[in-house]
Amino acid sequence: MSRPLNLNSQGEVVNLKEGRYGVYILGGFGISLGHFSISLKHIGKNEEIKSVKAFWPVQTFVNGERAKKIFIINVIKSGQYEVIFHNPKTVEVKSSNLLTSSFFNSPLLNDNLEVIFTKKLVPFGFVK
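The numbering used here numbers the first residue of the sequence shown as 3 and each following residue consecutively.
Because the hints were derived from the structure by calculation, they are not lab data. Careful, some of the hints might be misleading.
[Unchecked claim] List time: in silico DSS-like cross-link candidates among lysine-lysine, alpha-carbon distance up to 25 Å: (1) K43 / K19; (2) K47 / K79; (3) K43 / K79; (4) K19 / K121; (5) K121 / K47; (6) K96 / K47; (7) K47 / K91; (8) K79 / K96; (9) K47 / K19; (10) K19 / K52; (11) K91 / K52; (12) K43 / K55; (13) K91 / K19; (14) K55 / K91; (15) K79 / K19; (16) K96 / K55; (17) K79 / K121; (18) K43 / K121; (19) K96 / K43; (20) K55 / K79.
[Said to hold, decoys possible] Computed spacing ranges between beta-carbons, pair by pair: (21) L101 / G46: 41 to 51 Å; (22) E49 / S103: 37 to 47 Å; (23) H37 / P6: 19 to 29 Å; (24) E50 / F105: 36 to 46 Å; (25) H37 / K121: 18 to 28 Å; (26) K55 / S108: 37 to 47 Å; (27) T92 / P6: 18 to 28 Å; (28) S103 / K43: 33 to 43 Å; (29) I78 / K55: 37 to 47 Å; (30) K52 / S80: 14 to 24 Å; (31) G46 / S11: 14 to 24 Å; (32) E50 / L101: 35 to 45 Å; (33) F105 / G21: 33 to 43 Å; (34) E20 / K55: 16 to 26 Å.
By construction, the Cβ of each residue, glycine as well, lies at the ideal position given by its N, Cα and C atoms.
My request is simple: use the sequences and hints to build the entire structure.
Right under this line is the structure:
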């Protein structure tokens, strides 16, 4: 599991091994992505990997914080990758995905939103 990365940061580098990764957004279960997407650029090579929207947006907890899987990324070659966030300001996260709760709760501040990459895809329980 990678360290949490702020959505509005630039030039973040992560070391990823070959495999399939789930990308989770932290902070809440009510997610509206807008035009947001993530891509990875291999450092030293001009290869770029684009994320795919998760078919099953699994809800879980990561380090005691609400998290929802939003993307899947298949890493073919191990190495260091620069994480590129496209249109991060279009993301809106609310603590709950229940319609009644979303009327009364305002979205989380976009400047504080973070994502995490993990190989361990757990449908229920906690990701450690």
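Verification of the hints:
no., hint, in the structure
1, K43 / K19, "14 Å, holds"
2, K47 / K79, "11 Å, holds"
3, K43 / K79, "11 Å, holds"
4, K19 / K121, "9 Å, holds"
5, K121 / K47, "23 Å, holds"
6, K96 / K47, "37 Å, violated"
7, K47 / K91, "28 Å, violated"
8, K79 / K96, "35 Å, violated"
9, K47 / K19, "16 Å, holds"
10, K19 / K52, "16 Å, holds"
11, K91 / K52, "19 Å, holds"
12, K43 / K55, "18 Å, holds"
13, K91 / K19, "29 Å, violated"
14, K55 / K91, "18 Å, holds"
15, K79 / K19, "7 Å, holds"
16, K96 / K55, "19 Å, holds"
17, K79 / K121, "14 Å, holds"
18, K43 / K121, "18 Å, holds"
19, K96 / K43, "30 Å, violated"
20, K55 / K79, "21 Å, holds"
21, L101 / G46: 41 to 51 Å, "47 Å, holds"
22, E49 / S103: 37 to 47 Å, "42 Å, holds"
23, H37 / P6: 19 to 29 Å, "22 Å, holds"
24, E50 / F105: 36 to 46 Å, "40 Å, holds"
25, H37 / K121: 18 to 28 Å, "27 Å, holds"
26, K55 / S108: 37 to 47 Å, "25 Å, violated"
27, T92 / P6: 18 to 28 Å, "20 Å, holds"
28, S103 / K43: 33 to 43 Å, "38 Å, holds"
29, I78 / K55: 37 to 47 Å, "19 Å, violated"
30, K52 / S80: 14 to 24 Å, "18 Å, holds"
31, G46 / S11: 14 to 24 Å, "21 Å, holds"
32, E50 / L101: 35 to 45 Å, "37 Å, holds"
33, F105 / G21: 33 to 43 Å, "40 Å, holds"
34, E20 / K55: 16 to 26 Å, "22 Å, holds"
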